[in-house]
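Sequence order for the protein chains is C and P. FYI, the numbering for the first sequence is 0 to 344, going by numbering that gives the first Met the number 0. FYI, the numbering for the second sequence is 0 to 349, going by numbering that gives the first Met the number 0.
Simulated from the structure, these hints should not be mistaken for lab results. Treat the hints with care, as some may be off.
To be verified - Part of the chain P face toward chain C, derived, beta carbon under 8 Å:
id, residue
1, 200
2, 204
3, 207
4, 211
5, 215
By construction, the Cβ of each residue, glycine as well, lies at the ideal position given by its N, Cα and C atoms.
Letter by letter, the chains look like this.
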Amino acid sequence: MYIVRPVEISDIAALESLAAVASLGVHTLPKTRATITRAVERSLASFATPVMIPSEESYMFVLESTLDRSIAGTAAISANAGSNGTYFAFRNDVMQQVSRDLNISHNVHALTLCSELTSHSQLSGFFVRGWCNGSQEAALLSRARLLFAAVMPQRFGDRFFVALAGVTDSHAQSPFWEALGRKFFQMDFMEAERLIEGARNRTLIVELMPHYPVYVPLLPGDAQAVMGQIHPEGELPFRLLTEEGFEPDQYIDIFDGGPILQAHKHALRSFSASELCRVVSKTAPGNDAQKKTCLIGTARDERFRAMTAECVIHAPAGSVELSPQVMRALQVVTGDTVLCVKIQD
Amino acid sequence: MLVVRAVNESDLEGMLELAGQVGSGMTTLKPDRKMLGQRLEIACASFAEQIVRTQRDYVFVMEDTSSGRLAGICAIKSAVGLEEPFYNYRIGTLVHSSRELGVFSQMETLYLSNDLTGTTELCSLFLHPDYRGGTNGKLLSKSRLLFMAQFPHLFNAKVIAEMRGFQTPDGTSPFYESLGRHFFKMDFNHVDDLTSLGKKSFIAELMPRYPLYVDYLPVEAQEVIGRVHVATAPARRLLEQEGMYYEGYVDIFDAGPVLQARVSELRALRESTLAIIEPAVTASAETATAVADPVLVANTVLREFRSIVVPAPPTPQPTRIALTASECELLACGAGDPVRTMTLNPRKNS
Chain C
0 MYIVRPVEIS
10 DIAALESLAA
20 VASLGVHTLP
30 KTRATITRAV
40 ERSLASFATP
50 VMIPSEESYM
60 FVLESTLDRS
70 IAGTAAISAN
80 AGSNGTYFAF
90 RNDVMQQVSR
100 DLNISHNVHA
110 LTLCSELTSH
120 SQLSGFFVRG
130 WCNGSQEAAL
140 LSRARLLFAA
150 VMPQRFGDRF
160 FVALAGVTDS
170 HAQSPFWEAL
180 GRKFFQMDFM
190 EAERLIEGAR
200 NRTLIVELMP
210 HYPVYVPLLP
220 GDAQAVMGQI
230 HPEGELPFRL
240 LTEEGFEPDQ
250 YIDIFDGGPI
260 LQAHKHALRS
270 FSASELCRVV
280 SKTAPGNDAQ
290 KKTCLIGTAR
300 DERFRAMTAE
310 CVIHAPAGSV
320 ELSPQVMRAL
330 QVVTGDTVLC
340 VKIQD
Chain P
0 MLVVRAVNES
10 DLEGMLELAG
20 QVGSGMTTLK
30 PDRKMLGQRL
40 EIACASFAEQ
50 IVRTQRDYVF
60 VMEDTSSGRL
70 AGICAIKSAV
80 GLEEPFYNYR
90 IGTLVHSSRE
100 LGVFSQMETL
110 YLSNDLTGTT
120 ELCSLFLHPD
130 YRGGTNGKLL
140 SKSRLLFMAQ
150 FPHLFNAKVI
160 AEMRGFQTPD
170 GTSPFYESLG
180 RHFFKMDFNH
190 VDDLTSLGKK
200 SFIAELMPRY
210 PLYVDYLPVE
220 AQEVIGRVHV
230 ATAPARRLLE
240 QEGMYYEGYV
250 DIFDAGPVLQ
260 ARVSELRALR
270 ESTLAIIEPA
280 VTASAETATA
290 VADPVLVANT
300 VLREFRSIVV
310 PAPPTPQPTR
320 IALTASECEL
330 LACGAGDPVR
340 TMTLNPRKNS
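Based on the sequences and whatever the hints tell you, model everything.
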């Protein structure tokens with residue numbers, strides 16, 4: 000069994016070995032010991048802070064085996080994408096051009112540097128070990144963050160987004176960066192990502208990136224072709240997130256043109272299809288027919304735990320039957336409240 | 000003999016024939032009888048001062064008096080952009096700099112502008128291929144400048160000339176193919192025709208409204224910004240010698256340069272002088288030796304403006320000029336009449 004729990008100081012070494020196998024394209028994943036340590040400390044402080052209005056908090060989670068306590072993945076969620084800055088993205092605008100005289104009407108796409116994602120909450124730093132790909136555990140890790148947000152809505156904004164890695168070639172060159180960012184930064188894509196540490200909320204972005212909309216038809220064909228396209232490694236998170244209710248197309252990343260998926264919380268299953276239930280211990284066997292696979296998250300501020308489990312929900316009573324193993328793993332006792340989301344088949 | 004003169008009602012056929020020789024890229028001169036007819040009407044009314052100054056369009060033709068054939072045409076529009084918006088790209092600079100990263104990018108940009116609204120425009124210059132050579136091109140183009148020197152009050156303080164932009168030998172404009180085509184979705188010549196028909200509202204409707212970074216354009220388009228058509232290079236050089244400069248404005252379709260100047264700084268205004276005609280005693284012997292530095296001479300009559308090139312006088316006098324009977328006839332002047340003169344070529348040391 001696997002559980003998702005908040006990161007702890009003791010996880011730093013495990014996270015470092017995870018980051019070593021991750022592609023550089025997942026720009027939101029901290030990769031050096033220093034940045035990992037900083038992220039972990041920030042997460043600990045965030046969980047410990049009582050929050051009324053979302054601000055600079057960033058919560059980091061790990062996927063842990065209940066068997067040997069090994070770490071198989073990590074994922075994070077920030078309360079506010081801008082943190083103490085402005086989060087920049089390209090909005091993909093459509094300009095309708097109509098000439099009545101000539102009886103011409105067509106659409107021209109233009110990319111506008113925008114800051115409107117700043118106050119959204121951001122999912123980031125998702126990475127699982129290769130063997131997890133496509134498994135229930137990967138889905139658990141990705142969605143546990145949103146379960147936490149659903150239990151603690153005061154800690155987050157009303158809108159969520161996630162930026163997925165864009166397309167790069169075998170030499171780690173991004174056609175989108177070559178056509179756009181390079182002209183302003185005068186350096187390689189990876190070098191820029193390294194210098195900026197994957198951030199999209201730095202002042203230097205507004206200093207360097209184009210102030211005026213970029214007309215898409217004027218970009219080279221290969222740059223246009225990768226706009227909103229995902230890096231192969233992003234396919235799993237993309238599928239998980241679209242199943243959850245996220246939608247692409249409106250925004251893309253300013254560096255590699257990768258898709259930015261976003262949604263209002265009401266469109267997300269963790270919010271709209273979840274129920275708060277009181278835990279009751281599973282007593283008698285025999286009601287297996289009513290068993291459902293659910294994502295279960297604890298509804299408490301500290302020691303958040305989430306896992307996937309078979310359980311029976313008694314909707315009228317507002318209770319959920321959990322097995323003793325599951326209750327142990329979640330660290331809950333009878334009478335505690337948990338949030339349950341049925342997993343779609 | 001060639002004379003450049005104000006156009007008159009009988010010139011329509013000749014103008015049509017000339018316009019038929021022009022080809023694409025020259026929006027103001029199309030072989031369209033109705034359009035040229037209207038233009039001629041406005042031109043005649045302009046010389047007759049029957050319409051307000053800002054609407055005037057002074058069209059001049061170069062006539063071969065031996066055959067009556069029209070050898071060339073040129074014009075001065077008193078003011079552009081007052082009825083239809085007049086668009087250009089202004090080449091600007093945006094600096095993107097980050098002290099933190101040690102990056103400093105100086106980016107050229109194209110801004111859609113109406114900055115040249117209201118300026119006087121030199122336009123529609125065309126010399127028939129049969130007459131290219133010698134001093135003909137200079138006579139045709141510079142006569143207009145002498146006209147402006149004689150009647151400066153008719154014009155805006157600033158004068159411009161749009162130069163035809165670069166085209167490849169097969170007639171395509173690399174700039175248009177890289178930029179305009181994405182927004183207009185039609186061929187360059189079609190766009191060109193539409194603008195000459197005065198259907199210009201589509202420019203505002205379809206053109207990109209935000210500044211463009213030049214670096215986004217393909218290299219072949221970047222390279223032709225501010226470059227003239229091969230056939231226009233002599234015309235550009237000629238105007239530059241007369242005091243006009245490329246100041247970073249280009250045509251929105253083919254990126255041809257706009258030359259501009261303050262009217263008061265044109266050589267014609269600084270150097271031309273009024274002189275009184277006196278009969279030449281002898282003509283033939285001296286003309287042969289003196290062709291090196293010919294003089295442009297024009298009469299001072301607005302409605303019947305005429306201008307010719309004459310050989311330099313052996314002993315130049317500041318206020319008098321000796322003209323032969325045939326020269327006087329070309330200018331429709333006689334002894335004692337005033338004429339405006341300037342050397343055809345700028346002095347070497349100026």
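The hints, checked one at a time:
{"no.": "1", "hint": "200", "verdict": "holds, 6 Å"}
{"no.": "2", "hint": "204", "verdict": "holds, 4 Å"}
{"no.": "3", "hint": "207", "verdict": "holds, 5 Å"}
{"no.": "4", "hint": "211", "verdict": "holds, 7 Å"}
{"no.": "5", "hint": "215", "verdict": "holds, 5 Å"}
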